[in-house]
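Chains as they are written, first to last, in the numbering used here: chain A, 91 to 266; chain B, 775 to 972.
Calculated directly from the structure, the hints in this document are not laboratory data.
Each hint can be trusted.
Straight-line Cα separation of at most 25 Å, SDA-like style, residue types lysine to any residue; simulated pairs:
| # | chain 1 | residue 1 | chain 2 | residue 2 |
| --- | --- | --- | --- | --- |
| 1 | A | K236 | B | N950 |
| 2 | B | K851 | B | P900 |
| 3 | A | K236 | B | E798 |
Output of the computed footprint for chain A on chain B, the stretches with three or more beta carbons under 8 Å from beta carbons of chain A:
| # | region |
| --- | --- |
| 4 | 808 to 815 |
| 5 | 900 to 906 |
Cβ coordinates follow ideal geometry from the N, Cα and C atoms, glycine included.
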Amino acid sequence: MSYYFTIIGTKDNPLFESTFGTSKPGTGDGTARFRDEAAQMNQFIVHAALDLVEEVQWTTKDLYLKKVDTFQNNHIHAYITGGNVKFMLLMNADPSLTAYSNYASPPPSRASMAKQGGLLAANPTSPQTEEAVRGFMGEIYEAWVKCIMNPFYDVNSEVTSPVFRGRVSAAAKRYL
Amino acid sequence: MASSKAARIGEDVWKSRTEKINTEIVTLTYGTIVSSLCRDLLLPNTTSSTDYAAVNAELDRMGYNIGLRLVEDFLAKSNTGACQNLRETAEVISKTGFKIFLNITPIVSGWSSDGKSFGLVFEENPLADFVELPDDGRSQEELWYSNILCGVLRGALEMVQMQVDVRFVSDVLRGNDTTEMRVTLLKYIEDEMPPDDE
Numbered sequence: 091m092s093y094y095f096t097i098i099g100t101k102d103n104p105l106f107e108s109t110f111g112t113s114k115p116g117t118g119d120g121t122a123r124f125r126d127e128a129a130q131m132n133q134f135i136v137h138a139a140l141d142l143v144e145e146v147q148w149t150t151k152d153l154y155l156k157k158v159d160t161f162q163n164n165h166i167h168a169y170i171t172g173g174n175v176k177f178m179l180l181m182n183a184d185p186s187l188t189a190y191s192n193y194a195s196p197p198p199s200r201a202s203m204a205k206q207g208g209l210l211a212a213n214p215t216s217p218q219t220e221e222a223v224r225g226f227m228g229e230i231y232e233a234w235v236k237c238i239m240n241p242f243y244d245v246n247s248e249v250t251s252p253v254f255r256g257r258v259s260a261a262a263k264r265y266l
Numbered sequence: 775m776a777s778s779k780a781a782r783i784g785e786d787v788w789k790s791r792t793e794k795i796n797t798e799i800v801t802l803t804y805g806t807i808v809s810s811l812c813r814d815l816l817l818p819n820t821t822s823s824t825d826y827a828a829v830n831a832e833l834d835r836m837g838y839n840i841g842l843r844l845v846e847d848f849l850a851k852s853n854t855g856a857c858q859n860l861r862e863t864a865e866v867i868s869k870t871g872f873k874i875f876l877n878i879t880p881i882v883s884g885w886s887s888d889g890k891s892f893g894l895v896f897e898e899n900p901l902a903d904f905v906e907l908p909d910d911g912r913s914q915e916e917l918w919y920s921n922i923l924c925g926v927l928r929g930a931l932e933m934v935q936m937q938v939d940v941r942f943v944s945d946v947l948r949g950n951d952t953t954e955m956r957v958t959l960l961k962y963i964e965d966e967m968p969p970d971d972e
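Based on the provided sequences and hints, a complete structural model is requested.
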């Protein structure tokens, strides 16, 4: 199962992105298994979900917005910070199933395989999934606050700190 | 003993006679100063390469101006008399001076064999919380982030008739294990007549 995590600034500009796979024992080794087109399509799907984020953000006081969108079998969870910066996590239980084109029919569903091992994306609205992603987002939020306190970081610019990237990977290993 | 007396004075003054300010305001303000200097002081003929040597010098100069005035405030608050020797001076600086103004007590260590130079090791540096040096390849080698502290010590000690050389030798922001500042006494300043007095 694969994840694509991105941080989007206040002008809808991407500030950070990271691709990884699940590290839960038995199901994954931490590397992502997206198809080749996924590189552009993931970004596209996540940005398309931003409209929904902006709608949902006014309906709840919670910073964690849970699952906001689904596209084929990609599910997108969002977290919004006080400064209107959005953390978006795209999860895909079985990337080889995802056929981006409208014309090609997706291969027969292999949902039974996905459910084995308790993969989070197999059941994207379940409480465990939401809790796991909420925990992940919370840790990222703390790391993010420390990152923007750095006087050398220009707000709303790209995040290049290797320390931050390391923290994101560590949080991913712990929660996802 | 001199050091515990200095520590006691520091504690007392910190608790009772200083006004407190939020640490993060200090950290963020200092961070803005340093990053503004890095943006403004550029190498000649370039548009965006910071001249870190000039930034260090500017921070030192700012600290020097602060130190000249700070020492009066310090002596008024702490009421310590004159120090007899450099060792006493070092203890007072670390246990009383830094305690009153930054609520930290750097450790005095690394006395040189002739007793004219010592090191101050900082366990924590409130000026540098949350800071990561920019990764343009040179800042790690050239920028001393907390250089203002060197200037403050230099200015303050000059007002009490000691000419010193203060510089950082290691900094955790650069990847070293500790943040250490080296203070070397150059000479005691004798009062001199102004050059063109009648």
